[in-house]
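All residue numbers for the sequence shown refer to my numbering, where the first residue is -14 and numbers rise by one.
List time: in silico DSS-like cross-link candidates among lysine-lysine, alpha-carbon distance up to 27 Å:
# : residue 1 : residue 2
1 : K200      : K132
2 : K194      : K125
3 : K33       : K20
4 : K125      : K200
5 : K153      : K132
6 : K15       : K33
7 : K189      : K125
8 : K200      : K189
What follows is a set of in silico ranges between Cβ atoms, one per label pair, in the way DEER data are often shown:
#  : residue 1 : residue 2 : range
9  : G205      : I28       : 38 to 44 Å
10 : M196      : A84       : 35 to 41 Å
11 : A84       : E198      : 37 to 43 Å
12 : A25       : H46       : 22 to 28 Å
13 : S150      : P176      : 19 to 25 Å
14 : V173      : F99       : 33 to 39 Å
Hints are computed from structural coordinates only; laboratory data are not their basis. Glycine included, each C-beta is placed from N, C-alpha and C at the ideal position.
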Amino acid sequence: IQMIFQDPYASLNPRERVIDIITAPMLLHKIVGSKEEATARGIEIFRKVGIREEQVSRFPHQFSGGQRQRVGIARALAVNPIFIVADEPVSALDVSIQAQILNLLMDLQSEFHFSYLFIAHDLAVVRHISDEIGVMYLGKIVEQGTKHHIFENPRHPYTQALLASTPKITGDNLERSKPLMGEIPSSVDLPSGCFFNERCPYRKPVCIKVMPEEKEIEPGHRVSCHLYQV
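Could you build the full structure based on these sequences and the hints that come with them?
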C-alpha cells in the first residue's frame, strides 16, 4: 500500500534530490539489489510520469506544483504497490493541470493493474476517475455503489443534496433541489442516531434514536438510511 498526498508542496523532503526520494524506498524494501539498479529503475519510473532524466537530480523546489505531484506519484509507484490511497491528489493544483494528473493516474492504473482509494470533494473528478463510489458524511459511509448508481439514481438524502448542489448550465437542478437546513455537527459531538438526522428533510422519530443499518437495495447498491429499513 502506498500514498499520494494532497499537498505536493509539503509532502516531499526539500533536502533530498527527487531521484533519492524514490530510490530510498526501493533499497529499503530490497526491491532492487544495488544503488545503480535503483537509479536506473527510478529514471524509468520518472519517465512514465513525465519527468525527464535530466531533471531527476533536482530538488523539489525546482519543480512546479504539477511536476511535484508527478514526483509524489513516482514515489508511490517505486515499491510496486497493489493499492494506492490518493488523498485529494489534484485539489491543490491549477485546473489546467488537474486533467493531466487525473489522466496520468488512470493510464498508470491500466498499465500496472493496481487499485486506488481516491478521496475527493470535486464531484466532476469523482465521476471521471471512479468505478465504485462511497459517499461519506461525518466519518460514516451513507451510500455505496457504482458510478451509475450514485450519479444516476442516488438514494440517500445527503447524496441527493450533494449532487443537486452542483450547478449545471441549465440551472434547473438548483430549482428542484431541497436545500439542507442547519450546520454540519461537530465531529467530536456527533448527534444521536443517524448522524444526518438534524439536516435531513425526511427525518423520522427513529432517525434520532437509532443508527440505520446498511441495506442493499439492489445488487451492488447499498444505503444506510431508515427510509429503506424494513
